[in-house]
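> Chains A and B, in that order, are what the protein sequence lines are.
Position one of the first sequence corresponds to residue 1 (my numbering), numbered consecutively onward.
Position one of the second sequence corresponds to residue 1001 (my numbering), numbered consecutively onward.
Treat each hint with caution, since some may be false.
As the list claims (entries may be wrong) - Label pairs and their in silico Cβ distance ranges:
#: 1; chain 1: B; residue 1: 1078; chain 2: A; residue 2: 82; range: 33 to 39 Å
#: 2; chain 1: B; residue 1: 1068; chain 2: A; residue 2: 82; range: 24 to 30 Å
#: 3; chain 1: A; residue 1: 37; chain 2: B; residue 2: 1163; range: 42 to 48 Å
#: 4; chain 1: A; residue 1: 37; chain 2: B; residue 2: 1154; range: 51 to 57 Å
#: 5; chain 1: A; residue 1: 26; chain 2: B; residue 2: 1115; range: 48 to 54 Å
#: 6; chain 1: B; residue 1: 1194; chain 2: A; residue 2: 82; range: 41 to 47 Å
Since the hints were derived computationally from the structure, they do not count as laboratory data.
Note that beta-carbon positions come from the ideal geometry of N, C-alpha and C, so glycine has one too.
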Amino acid sequence: MSTDGAKIVGFCCHYTARVSEDALRLAGVLPAGVRFEHVPCTGRVEVPAFLAAFEQGADAVFVVGCEEGSCHNLSGSQRASKRVGQAKAILKELNVGLERIEMFFVTRGETEPVVAAAREMSERVGRLGQLYGEQAKVVEVEEAQ
Amino acid sequence: MIIAERKPLPELIEMLAGVERLLILGCRGCVAVCSAGGDKEVSVLATALRLGRKLAGGTIEIDEDTYVRQCDPEYLEPLKTKGKDYDAVLSIACGVGVNFIADCCPGVRVMPGLNTTFYGANLGSGEWAEKCAGCGACVLHLTGGLCPVARCAKSLSNGPCGGSVGGRCEIDPDVACVWHQIHDKLRELKQAERLGEIMPIRDWRPAGHGGPRRRIKEDLRP
Chain A
1 MSTDGAKIVG FCCHYTARVS EDALRLAGVL PAGVRFEHVP CTGRVEVPAF LAAFEQGADA
61 VFVVGCEEGS CHNLSGSQRA SKRVGQAKAI LKELNVGLER IEMFFVTRGE TEPVVAAARE
121 MSERVGRLGQ LYGEQAKVVE VEEAQ
Chain B
1001 MIIAERKPLP ELIEMLAGVE RLLILGCRGC VAVCSAGGDK EVSVLATALR LGRKLAGGTI
1061 EIDEDTYVRQ CDPEYLEPLK TKGKDYDAVL SIACGVGVNF IADCCPGVRV MPGLNTTFYG
1121 ANLGSGEWAE KCAGCGACVL HLTGGLCPVA RCAKSLSNGP CGGSVGGRCE IDPDVACVWH
1181 QIHDKLRELK QAERLGEIMP IRDWRPAGHG GPRRRIKEDL RP
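Start from the sequences, fold in the hints, and give me the full structure.
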């Protein structure tokens, strides 16, 4: 299965993803279809934003927040992680594979872990297929069972 | 407060089959406090239902609103006209709100988004427990403030039963035997002699067994 046309949305805070998406793309290190949503702190992102990304066509969503103890806003990334958990619970009710959303804790200011997170999600979409594809639906219903 | 929880999404999706224009209506009363039906929950449910409908190959137009309370007629006034613009109104208030919309808003199709569960207290973040059954004949002065109607699995008036073991209820070892707790509490209050008093057979009519209950306070009536 190919990731061509995959849409992957990554929510990143100022402190974990300082390098712009365009720069990473120009360097050729970012998988196709990945788009970053920069937010002041991942703790500011609520569950509806994750679900809306899927509704607007994303095949996967990921959140890149600061490692525990290094969050600029103390517990922002921990809050984000909880909300990713809440989104997973909703996706489970909708028979959507839980691997389509993930929280990543990364070292602040380093680009490599952010790129690694994007690649991980791209690999998952490659395995699961597009969210709105027929094949993907069959796989995910089986997973949910 | 009244405790409620959201119905499972598959149940809601099935309930809303054929609905193309939906209003999700929250309530800023009890259900907002127990994180089941406030502004935030309206927003989460709206996005979840939009996604659910899209995954099923369809679309649904959803508006979001939250009223101060759904159990007072003045707050429902706007819904009498606004509600008719939708195929359905999904109320995520308690069952009182759903009933009251049905009573007060003719022509508005209202559906329940929550299961209303009990009157409870907040034990800690994200945890609530039943403390009152609204039985209409309070005996808490006899039981050290602990309710045998709501907190005893058998609602015994003169407990404990033979299933109380080590202070735990036979229905589940995680459930405390409230009659064991009542004994401990009355001893602590130096009122252990109360345990010798036999409570008469309970009249369940005030608990709703005499039909729907109503309270009238004459001095407040117009």
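> Now look at each hint and say whether the structure bears it out.
Results for each hint:
1. Take residue 1078 (chain B) and residue 82 (chain A): their Cβ atoms lie about 35 Å apart, and the range 33 to 39 Å holds.
2. A beta carbon spacing of about 28 Å between residue 1068 (chain B) and residue 82 (chain A) agrees with the range 24 to 30 Å that was offered as a hint.
3. Under the hint 42 to 48 Å, the C-beta atoms of residue 37 (chain A) and residue 1163 (chain B), about 55 Å apart, miss the expected range.
4. One distance hint, 51 to 57 Å for the beta-carbon pair residue 37 (chain A) and residue 1154 (chain B), holds here, with the actual separation near 54 Å.
5. At roughly 53 Å, the beta-carbon separation of residue 26 (chain A) and residue 1115 (chain B) lies within the given 48 to 54 Å, and the hint holds.
6. Distance hint for residue 1194 (chain B) and residue 82 (chain A): a CB-CB separation of about 46 Å, consistent with the stated range 41 to 47 Å.
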